[in-house]
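Trainee: In case you want the letters, here they are:
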Amino acid sequence: QTVVTQEPSFSVSPGGTVTLTCGLSSGSVSTSHYPSWYQQTPGQAPRTLIYTTNTRSSGVPDRFSGSILGNKAALTITGAQADDESDYYCVLYMGGGIWVFGGGTKLTVL
Amino acid sequence: QVQLVESGGGVVQPGGSLRLSCAASGFSLTNYGMRWVRQAPGKGLEWVASIRRDGSKNNYADSVKGRFTISRDTSKNTLHLQMNSLRPEDTAVYYCAKGGTTGTCYFDYWGQGSLVTVSS
Chain B
12 QTVVTQEPSF
22 SVSPGGTVTL
32 TCGLSSGSVS
42 TSHYPSWYQQ
52 TPGQAPRTLI
62 YTTNTRSSGV
72 PDRFSGSILG
82 NKAALTITGA
92 QADDESDYYC
102 VLYMGGGIWV
112 FGGGTKLTVL
Chain F
70 QVQLVESGGG
80 VVQPGGSLRL
90 SCAASGFSLT
100 NYGMRWVRQA
110 PGKGLEWVAS
120 IRRDGSKNNY
130 ADSVKGRFTI
140 SRDTSKNTLH
150 LQMNSLRPED
160 TAVYYCAKGG
170 TTGTCYFDYW
180 GQGSLVTVSS
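Line by line, the protein sequences give chains B and F.
Per the numbering used here, numbering through the first sequence is continuous, rising by one, with the last residue being 121.
Per the numbering used here, numbering through the second sequence is continuous, rising by one, with the last residue being 189.
Hints were generated in silico from the structure; no laboratory data involved.
Where is the CB? At the ideal position from N, CA and C, for every residue including glycine.
Heads up, some of the hints might be wrong.
Unchecked claim - Short derived list, chain F residues pointing at chain B, Cβ under 8 Å:
no.	residue
1	Y101
2	E115
3	S119
4	R121
5	K126
6	N128
7	C174
8	Y175
9	F176
10	Q181
Could you build all of it, start to finish, from the sequences and the hints given here?
Mentor: So this is what it looks like as structure tokens:
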């Protein structure tokens, strides 16, 4: 069974930079997994941030960026702001119309 | 603009059935793949089911295979999720999501979610 791994929690100072990662329990993440990233605050639907590894969704500030770092997908937030405090989820496309979400990272800005 | 509005959630007993609907506007279901994603209370997101834009093939997570069916009514531009043999672990907020353009393989727009509670 494929497991997508994310850091359970992360902390960043206001104005700081943080990189969240998205890996596979076995194997490497590549652009062929079409990694995408979503932001969710409590009680709200997810918001799409990044798709196809590094394309920002409409209206997403350019301080959010996506990449492949080593064998993982990565979401970098540059100049973190208080309202970036959210849960962040990555999802990988496994082919054949099947996706697997990571467990999510709870980001604290303090 | 794109809008997705889910309905049909509620409380159902274990073993029961429920059908969720997702009314889409601002685009045609025949042009985009559609997905269902759920989130159990206090837990993360889980992909549940997907349907291609041409309606040719449906896919399901192992946790719901054989019990859930994704379908669409193109005349009403509405997506459905028929859920049978419901279990307490199916309790979750269910989101419908629009796919992106061909070859992007992501979740473009999301509905506000519909809560399904399976409990006796």
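Trainee: Next, verify each hint and record whether it holds.
Mentor: Against the structure, the hints:
For F:Y101, the shortest C-beta to C-beta distance to chain B is roughly 13 Å, which exceeds 8 Å, and the interface hint is violated. Nearest Cβ of chain B to the Cβ of F:E115: about 6 Å, under the 8 Å cut. The hint holds. With 8 Å as the threshold, the beta carbon of F:S119 comes within range of chain B, its nearest partner Cβ sitting at about 5 Å, so the hint holds. Here the hint on F:R121 is kept, as its CB sits about 7 Å from the closest CB of chain B, short of 8 Å.
A least Cβ separation of about 6 Å between F:K126 and chain B falls short of the 8 Å threshold, and the interface hint therefore holds. With 8 Å as the threshold, the beta carbon of F:N128 comes within range of chain B, its nearest partner Cβ sitting at about 4 Å, so the hint holds. Given the 8 Å rule on beta carbons, the hint for F:C174 holds: about 4 Å separates it from the nearest Cβ of chain B. Below 8 Å, beta-carbon pairs count as interface contacts, and F:Y175 has one with chain B at about 4 Å; its hint therefore holds.
Below 8 Å, beta-carbon pairs count as interface contacts, and F:F176 has one with chain B at about 6 Å; its hint therefore holds. Taking 8 Å as the C-beta contact cut-off toward chain B, the hint placing F:Q181 at the interface holds, the least distance being around 6 Å.
Violated hint for the displayed structure: number 1, the only one.
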